[in-house]
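With chain D fixed as given, assemble chain A onto it according to the hints.
Take a look at the letters that make up each chain.
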Amino acid sequence: MLRVLTGLLVLGAVTAEDCCSSEDRHELQALWKEIWSAAFTGRRVQVAQAVFSDLFERDPASKNLFKRVNVDDMNSPEFRAHCIRVVNGLDTLIGLLDDTKTLKQQLDHLADQHAARDGITAAHFDEIANSFARVMPQVSGCFNPDAWNRCFNKLAHAIAAKLH
Amino acid sequence: MEKMLVSVFVLGLVAMVTADCGAMERLKVKQQWAEVYGDGNERVSFGEAVWKGIFHREPATRSLFTRVNGENVHSPEFRAHSSRVLGGLDMCVSLLDDEATLNAQLAHLNGQHKERGIPANYFKILGEVLMEVVPAKLGRCFDHDAWESCYGVIADGISK
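Those sequence lines, one after another, are chains D and A. Residues in the first sequence are numbered from 1 upward in steps of one, following my numbering. Residues in the second sequence are numbered from 165 upward in steps of one, following my numbering.
Treat the hints as calculated values from the structure; they're not laboratory data. Cβ coordinates follow ideal geometry from the N, Cα and C atoms, glycine included. Incorrect hints may appear among the rest.
With beta-carbon atoms standing in for the labels, derived distance ranges [stated by the list, open to error]:
hint	chain 1	residue 1	chain 2	residue 2	range
1	A	Met295	D	Ala61	23 to 33 Å
2	D	Ala115	A	Ala284	28 to 38 Å
3	A	Lys301	D	Ala123	39 to 49 Å
4	D	Val139	A	Glu263	21 to 31 Å
5	D	Ala122	A	Asn285	35 to 45 Å
6	A	Arg304	D	Lys63	42 to 52 Å
7	A	Arg304	D	Thr121	51 to 61 Å
8	D	Val139	A	Asn285	20 to 30 Å
Residues of chain A placed beyond 10 Å of chain D at every Cβ, according to the derived structure [claimed, not checked]:
hint	residue
9	Asp203
10	Asn285
11	Ile289
Next comes chain D alone, as it looks inside the complex (with noise of 0.2 Å):
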């Protein structure tokens, strides 16, 4: 009896694993909302840049994937008009985190952007996951690591989805 308890706990955990629930979600959505805001743009490009400079510092090649937005200089308008991009795209996926069915489409969309992309691979979904993963605490008063990651990494590999 007891084994089979311990069984599905350890079960329980592994679905738990990678299951993004109604509460991580929720979770995600405040905690999202407490550091965006549209009258904040700064606090978006920060996030962003700081993202790519730990990506970068981690994997140095992946930096030749945003030549043509002028990584070269990470203040430059290029760049910066990038980062706000990529923001931009996570937090429209937070915001359709209750609506499953469009939510599934805009992951599909991008989905296609990236696969349109020489050279970026699954893995360097993982490799923005554990940056975000990094960053976030230090701009986030409260943060929630498991919920954030639960749901960031089954939004990451529904992008990576048409990758090798």
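Below, chain A without anything else, positioned relative to chain D:
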């Protein structure tokens, strides 16, 4: 002298009516947009109101959106499309006070829209609809002149 005074007065009026999208207007529009755009499901209904307004005003625009199921504004495909368009607008509005980055972003959107062959007057229609839907949501705290001039900056950048 009197004539002179009158023309100064008239010029002053003109300046008031056609307020340009200055630094203060930009901050105001950003703030008001943040309130209108909201989050989560609010955005979905806001988007629905915008698109219904567009299709009502100019039914021919619908044919541009067959790829994203424009026939049904409630479909997940169209909702996702709507969230991308509003997200694009959100980026521009939020960049209003960072001109260099705003211009880089407008250039990016300009390329995307040229690719799809969107006529420039559609941005005018979107603007007209926004001037109805936004105040409906904001109530009396809507600054029409600031919105009109700042939306103009964005629309011109995307559709030039």
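These are the hints, each one checked on the structure:
The hinted window of 23 to 33 Å between Met295/A and Ala61/D is violated, with their beta carbons roughly 48 Å apart. The hint said 28 to 38 Å for the Cβ distance between Ala115/D and Ala284/A, and at roughly 31 Å that hint holds. Lys301/A and Ala123/D have their C-beta atoms about 43 Å apart, which keeps the hinted 39 to 49 Å range intact. Between Val139/D and Glu263/A the Cβ separation comes to about 25 Å, which falls inside the hinted range of 21 to 31 Å.
The hinted range of 35 to 45 Å is satisfied by Ala122/D and Asn285/A, whose Cβ atoms lie roughly 42 Å apart. With their beta carbons about 50 Å apart, Arg304/A and Lys63/D fall inside the hinted range of 42 to 52 Å. Arg304/A and Thr121/D have their C-beta atoms about 52 Å apart, which keeps the hinted 51 to 61 Å range intact. At about 41 Å, the CB distance of Val139/D to Asn285/A disagrees with the hint of 20 to 30 Å.
With a least beta-carbon separation of about 5 Å from chain D, Asp203/A fails to lie farther than 10 Å from that chain, contradicting its non-interface assignment. Against the 10 Å criterion, Asn285/A stays outside the reach of chain D, whose nearest CB is about 26 Å from its own CB. Look at Ile289/A: its CB is around 23 Å from the nearest CB on chain D, clear of 10 Å, so calling it non-interface holds up.
Hints 1, 8 and 9 from the list above are not met by this structure, while the remaining hints are.
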